[in-house]
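Kindly generate the complete structure, drawing on both the sequences and the hints.
Same order as they appear, the protein sequences are chains A, B, C and D. Here my numbering is used: the first residue of the first sequence is 353, the next is one more, and so on. Here my numbering is used: the first residue of the second sequence is 353, the next is one more, and so on. Here my numbering is used: the first residue of the third sequence is 353, the next is one more, and so on. Here my numbering is used: the first residue of the fourth sequence is 353, the next is one more, and so on.
Hint data in this document are derived by calculation from the structure and do not stem from the laboratory. Watch out, some of these pointers could steer you wrong.
Copies of the same chain are indistinguishable here, so a pair counts whether it falls within one copy or spans any two.
No more than 35 angstroms apart at the CA atoms, straight line, and that leaves these computed lysine-lysine pairs for DSBU-like [unchecked claim]:
(1) Lys464 x Lys740
(2) Lys367 x Lys740
(3) Lys464 x Lys675
(4) Lys464 x Lys367
(5) Lys675 x Lys367
There are 4 protein chains.
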Amino acid sequence: MDLSPSRRLEEVLGKARGLVEELEPLERVVLGGSFSAAADELEAARARAREIGLWLPQMPREVGGLGLSVLEHGHVSEILGRSPLGHYVCNCQAPDAGNMEILHEFGTAEQKERFLAPLLAGEVRSCFSMTEPDRAGSNPVWLETRAVSEGDDYVLDGRKWFTSGADGAAFAIVMAVTDPAAERHRRATQILVPTDTPGFELVRNVPVLGHSGDGWASHGEVLYRGCRVPRAHRLGEEGSGFAIAQARLGPGRIHHCMRWIGVAERSFDLMCRRSLERELAPGEPLADRQTIRDWIAESRAEIDAARLLVLDTAARIDRDGAKASRERISMIKYHVAGVMLSVVDRAVQVHGAYGLTDATVLSWFYTQERGARIYDGPDEVHKGVVAKLALRRYGPRSD
Amino acid sequence: MDLSPSRRLEEVLGKARGLVEELEPLERVVLGGSFSAAADELEAARARAREIGLWLPQMPREVGGLGLSVLEHGHVSEILGRSPLGHYVCNCQAPDAGNMEILHEFGTAEQKERFLAPLLAGEVRSCFSMTEPDRAGSNPVWLETRAVSEGDDYVLDGRKWFTSGADGAAFAIVMAVTDPAAERHRRATQILVPTDTPGFELVRNVPVLGHSGDGWASHGEVLYRGCRVPRAHRLGEEGSGFAIAQARLGPGRIHHCMRWIGVAERSFDLMCRRSLERELAPGEPLADRQTIRDWIAESRAEIDAARLLVLDTAARIDRDGAKASRERISMIKYHVAGVMLSVVDRAVQVHGAYGLTDATVLSWFYTQERGARIYDGPDEVHKGVVAKLALRRYGPRSD
Amino acid sequence: MDLSPSRRLEEVLGKARGLVEELEPLERVVLGGSFSAAADELEAARARAREIGLWLPQMPREVGGLGLSVLEHGHVSEILGRSPLGHYVCNCQAPDAGNMEILHEFGTAEQKERFLAPLLAGEVRSCFSMTEPDRAGSNPVWLETRAVSEGDDYVLDGRKWFTSGADGAAFAIVMAVTDPAAERHRRATQILVPTDTPGFELVRNVPVLGHSGDGWASHGEVLYRGCRVPRAHRLGEEGSGFAIAQARLGPGRIHHCMRWIGVAERSFDLMCRRSLERELAPGEPLADRQTIRDWIAESRAEIDAARLLVLDTAARIDRDGAKASRERISMIKYHVAGVMLSVVDRAVQVHGAYGLTDATVLSWFYTQERGARIYDGPDEVHKGVVAKLALRRYGPRSD
Amino acid sequence: MDLSPSRRLEEVLGKARGLVEELEPLERVVLGGSFSAAADELEAARARAREIGLWLPQMPREVGGLGLSVLEHGHVSEILGRSPLGHYVCNCQAPDAGNMEILHEFGTAEQKERFLAPLLAGEVRSCFSMTEPDRAGSNPVWLETRAVSEGDDYVLDGRKWFTSGADGAAFAIVMAVTDPAAERHRRATQILVPTDTPGFELVRNVPVLGHSGDGWASHGEVLYRGCRVPRAHRLGEEGSGFAIAQARLGPGRIHHCMRWIGVAERSFDLMCRRSLERELAPGEPLADRQTIRDWIAESRAEIDAARLLVLDTAARIDRDGAKASRERISMIKYHVAGVMLSVVDRAVQVHGAYGLTDATVLSWFYTQERGARIYDGPDEVHKGVVAKLALRRYGPRSD
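Given below as structure tokens:
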């Protein structure tokens with residue numbers, strides 16, 4: 353398995369690097385103010401991404417994507433991850449990227465036409481409504497939201513939160529319990545719910561470490577109250593909700609972990625630059641201090657090792673499939689999140705008070721990426737998975 | 353040296369505990385929204401603090417304070433520190449507490465009457481204007497802001513930031529260079545500047561990790577442009593600015609470090625409660641997980657050890673003075689900040705996504721207390737001080 | 353609670369400091385070679401300890417000890433702990449100190465005369481035989497060694513290891529199961545077994561990280577094979593073995609933890625001295641490097657905080673008893689062991705290859721003190737105890 | 353760059369795995385006792401290695417080696433590193449492997465015949481004599497040992513230590529100063545010194561954490577006193593000592609770092625097995641504890657990431673040469689040593705007291721591999737190198 357980018361991919365990466373650098377002024381608008389305030393500029397940047405061939409890097413060619421392997425998309429995701437806007441501008445941002453994947457793989461022709469097509473075109477956004485305030489997010493099979501079958505419809509009732517990007521989305525994919533009596537992995541079903549359906553209520557954008565955000569950059573609390581949609585909005589068969597969620601896990605994990613590598617690299621750049629520029633006294637830059645150099649050296653090693661771990665995992669998914677790679681898919685979650693947050697924290701410390709202001713992207717990373725150790729399963733859950741699989745190799749006793 | 357509270361102090365602490373608990377609903381208003389939005393309730397809480405004898409715990413009895421020793425005020429500060437509003441409500445909040453101390457010790461009778469009296473009464477707020485955007489905050493003797501003597505006046509020019517609480521303050525104590533040619537510790541002077549002086553311009557409240565804040569809960573960027581004040585506004589003699597700043601360092605450090613212990617204890621409470629209440633599956637609370645228990649046990653030990661270190665330092669200041677205790681005064685800065693931030697981070701992780709929302713005080717601690725490793729000298733500076741003093745005991749070679 | 357030493361105690365500590373310094377040349381003999389090789393010098397050092405009033409610091413005056421409180425003995429233990437020979441020379445070394453305590457508190461008049469008297473006099477040594485190779489040491493109630501009652505005798509059968517100091521001991525206190533059917537805390541009994549009893553077989557001194565050791569400085573594997581002793585050798589009533597072991601836990605823990613503080617302080621001294629003396633290039637001592645200074649500063653803070661935690665725990669035991677202090681007695685175990693081992697490791701790193709040789713006491717600390725995180729209950733067990741007790745304060749659910 | 357082993361290499365690795373497993377009983381002899389005690393069995397194992405085609409994996413085919421790339425030898429080194437005897441048995445152990453490399457690349461025909469040939473044949477051993485007790489090992493250009501030119505001879509005077517394997521070696525390669533006045537990287541020269549030369553005196557095997565060792569498994573202190581060898585014993589030109597040492601650095605680093613990965617993997621195996629076998633109470637294996645599972649999961653991730661980092665570095669050396677890869681060659685030194693020592697420490701803790709005995713190879717790893725953070729440049733030096741090179745990318749200011 354060769355982990356380095358091919359010459360063709362290098363070209364894509366070069367263009368992505370250029371695009372991401374162009375986004376820097378736009379970042380300031382979005383981070384300091386609001387997502388919608390930058391709507392026009394973002395639209396222009398999206399047009400540019402399309403123009404230079406960076407649109408939908410995660411999708412197959414037949415639907416207008418770049419047709420990259422998981423490994424290749426991993427490389428792209430790192431570059432885009434250097435900016436909080438990178439993925440959005442190329443239309444491969446969570447949760448839309450995952451939703452596209454689900455629709456592409458499990459959607460009916462009608463669902464694809466109505467829901468997937470405008471998503472691919474970047475005309476609408478979507479959200480994924482799974483986590484519930486009253487249930488531990490780390491246990492995805494324990495949900496309360498119900499979808500009751502009534503005639504040709506499902507009627508949904510329940511409360512969700514951390515439904516990212518619900519604000520302004522055209523539709524949600526909702527994970528709801530269709531059969532409470534079923535085996536726990538077969539209880540829930542994924543259902544498409546247009547956000548203009550009566551009974552779909554965006555209660556608020558949950559403030560995350562001080563940012564309520566708006567538009568795509570928000571985490572909605574959504575109330576489903578007698579929310580009725582046709583049974584034809586069901587994805588896959590009844591009870592397949594968890595299985596479908598699992599299916600998208602591998603590529604999605606690579607997407608996130610490489611994005612975090614991008615976050616770490618951007619923070620590393622900022623740390624190095626600041627340490628060279630900032631003087632403690634005339635002629636004494638921070639970069640002369642051994643402690644700062646230790647941080648730079650430790651960060652460099654940790655990032656390089658973590659990147660290889662993710663790329664190697666991506667290559668395994670390409671070769672062996674996600675299921676065979678699940679030990680690694682769990683492993684990179686906690687390992688890379690930890691590395692990223694360490695590097696961000698060191699970069700903040702090097703910047704001093706300046707690093708806490710909204711003048712650099714570090715404050716965004718410090719607050720908005722803390723969730724990396726929590727969403728999609730907290731560290732503790734993934735460590736449990738890895739240990740269980742690792743121990744299996746040594747004997748029967750291991751659950 | 354006995355570090356435990358006396359019976360008399362226990363009574364004060366009991367009242368402080370009660371007051372701080374009453375502040376919880378108010379916290380939500382301030383943290384979620386703004387400081388000024390809660391102005392009336394805060395005024396009421398201050399009245400209550402006064403009424404039950406918790407006003408000005410840091411000041412001597414002759415000016416209306418509780419006349420506590422540094423050690424005793426340390427105990428009080430821990431309790432008040434459990435809430436971001438605790439110190440404010442008792443009028444012992446930074447930076448006013450430090451300013452009161454400076455004015456009380458170094459102010460002239462006129463300065464005391466005009467500036468200190470209303471501060472003690474809680475009628476006005478003040479700010480301390482030292483850190484500059486273009487100079488490393490970790491080198492307090494390297495400043496650019498000038499105060500040029502012209503006749504009976506000083507004319508100030510320069511730019512400051514992280515002038516906390518500038519928004520709405522009645523006056524600032526400004527550290528400005530009066531003699532650029534002097535020995536580096538004798539260059540600057542502290543000068544009282546009413547905020548309605550022409551040439552005092554609050555440019556903005558600097559956003560810190562997403563919070564611009566307002567009123568007391570803000571960090572101002574201030575431009576001094578030909579800002580003219582009478583020479584009688586000078587504190588102490590010319591060139592004494594750094595020495596005066598040093599003088600207030602000991603008690604101020606105890607105040608902050610015990611406040612951080614309070615932050616850690618509040619976070620510990622939240623972590624324990626959440627772990628008992630939150631179930632991962634029916635009948636399986638988080639508190640049953642060994643990893644969570646490890647965090648609880650490690651946090652308990654680290655907090656208890658750190659508290660004793662601060663209290664012992666406070667008792668040394670009371671006994672030997674701040675100068676003799678400076679190794680410890682530096683030591684508790686990085687040690688306690690580190691412990692606090694570890695405990696806060698573990699508490700966030702135990703809460704999961706909920707811990708990132710503004711529903712608990714943890715999000716405030718996670719963002720607004722990150723500065724503890726930076727302001728008043730970053731970890732790295734204080735470690736350098738401790739090592740230098742420690743090495744001195746082993747031989748002549750140590751600077 | 354005042355944690356500082358009284359003037360009277362300061363005098364004792366001063367003498368202890370002098371004695372420990374005198375031991376340095378002897379350390380080299382013992383550490384490099386063997387314990388018995390230094391027998392004469394050790395005997396002379398013991399005579400000196402007796403002469404200057406440092407004999408049996410842990411015992412009450414009526415049996416010839418110094419009559420110190422737990423807190424006071426803690427202070428002494430730190431000083432003695434600076435040398436691996438300090439406690440031995442004052443006859444307060446583990447496991448004899450614990451055995452004296454048990455015999456003093458639970459022994460019959462006959463047991464005291466025959467076993468305790470010569471121990472107090474330093475004429476014999478003893479050992480404590482509890483841990484078994486086939487049972488997890490972290491679960492002290494799960495033992496295999498049996499003591500079967502036959503007429504007026506007990507007959508012991510079983511295998512023990514880590515019976516420290518068995519080599520050359522006059523007798524062992526053996527923890528053996530007398531009633532396998534009893535409730536798990538009531539199964540075992542402590543029984544005095546002279547080592548010349550037929551059936552007591554010292555199989556070997558277990559090599560610990562390369563040192564088999566000899567005499568007191570060894571960890572024996574002992575086989576009990578039909579080993580018959582009179583029932584009068586039983587300590588306390590049948591089934592009280594675990595309770596008696598628990599009773600001695602508090603003071604013993606203080607003894608060990610303060611000894612570890614001594615180890616850390618000695619290592620800190622070595623680290624500082626080496627960093628001042630060792631040059632990386634002419635005129636560039638290690639002490640000029642910021643990384644080294646960071647380690648010094650971090651170590652200084654961690655040791656000072658840990659010492660206060662232990663002293664405060666000692667004072668609580670004196671005031672409230674061991675049972676009421678058990679959360680702390682568990683807490684200091686893992687906290688202080690961790691701090692000690694960090695400091696030792698940093699000191700080794702500062703010494704470079706020299707720190708790995710047997711030229712300094714660091715190599716002894718690095719190898720022989722690693723057990724601190726294991727013996728008397730591993731970190732993990734004590735963290736569990738602390739978390740359980742801490743959680744109890746927050747609600748009924750906590751076991 | 354493809355990091356996975358080719359099919360041909362997989363075959364070699366399979367054989368290496370088998371050989372290393374066969375060494376386990378022999379390990380116990382060597383570790384517990386002495387290297388010479390196992391001389392015959394080691395000779396037999398070497399014969400076996402030769403027979404199955406594992407001899408000299410690091411050397412080119414033309415001198416009887418396996419002709420592997422640096423990457424390929426890295427894979428082999430991991431497997432051999434699982435046992436402290438693995439490299440020795442295949443005649444690719446340090447320091448002989450490095451000496452062979454030097455002789456092969458820089459030796460004259462006569463030197464090759466006299467010194468290299470018997471080394472390749474495994475008939476003799478050699479040592480590398482550079483580190484001096486009175487000079488910081490972390491500064492290899494600051495040496496005291498002199499080689500003074502007298503007629504056709506060099507006369508060497510000086511003291512070296514950590515001359516590993518000096519005990520029983522046929523010759524030493526000695527780094528000695530030939531021109532003290534030269535630029536600091538040009539002062540020293542490497543000179544071949546047969547150990548039976550008058551004036552070569554092996555003072556002692558320096559005890560490392562309690563093991564003096566013997567034969568290959570030892571670290572000699574060597575006194576050179578008027579030690580006279582022909583000028584024809586010089587390697588390369590005068591003043592090239594440091595340059596030659598640098599030249600061998602890349603492949604040697606891969607050798608060591610992959611060996612450490614092997615150490616970590618062996619420790620991981622032991623940790624997993626022990627946790628499944630050891631019961632804390634009947635039916636409750638250690639492996640059921642979440643803390644143990646956390647350690648397993650963290651170790652798994654750290655080892656996998658570190659291995660990829662080393663393999664990727666090896667592939668870069670193969671592709672771009674060692675000089676172009678020096679940032680990485682320094683980086684893997686501290687990163688992998690740290691990972692290895694963490695995993696070893698966790699494995700010890702899982703084994704409890706048993707892990708401290710010499711019953712498993714863990715005690716050897718814990719003591720003998722601590723040097724990994726010190727020899728060949730301590731962590732601190734390599735971090736400095738990496739930071740310097742990393743910072744260079746951001747601007748001119750970086751030394």
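Worksheet item: How would you classify Lys464 and Lys740 at a CA-CA limit of 35 angstroms: within, between, both, or neither?
Response: For Lys464 and Lys740, the Cα distance exceeds 35 angstroms both inside one copy (38 angstroms) and across copies (53 angstroms).
Worksheet item: Between the shortest in-copy and the shortest cross-copy C-alpha distance, which are at most 35 angstroms for Lys464 and Lys367: within, between, both, or neither?
Response: within (30 angstroms within a copy, 54 angstroms between copies)
Practice prompt. State whether the alpha carbon distance between Lys367 and Lys740 is at most 35 angstroms within one copy, between copies, both, or neither.
Written response: For Lys367 and Lys740, only the inter-copy Cα distance (29 angstroms) is at most 35 angstroms; the intra-copy one is 42 angstroms.
Worksheet item: When no copy is specified for Lys464 and Lys675, does a C-alpha distance of 35 angstroms or less occur within a copy, between copies, both, or neither?
Response: within (26 angstroms within a copy, 54 angstroms between copies)
Worksheet item: Is the C-alpha distance from Lys675 to Lys367 at most 35 angstroms within one copy, between copies, in both cases, or in neither?
Response: both (33 angstroms within a copy, 30 angstroms between copies)
Hint violations for this structure: number 1 only, all remaining hints satisfied.
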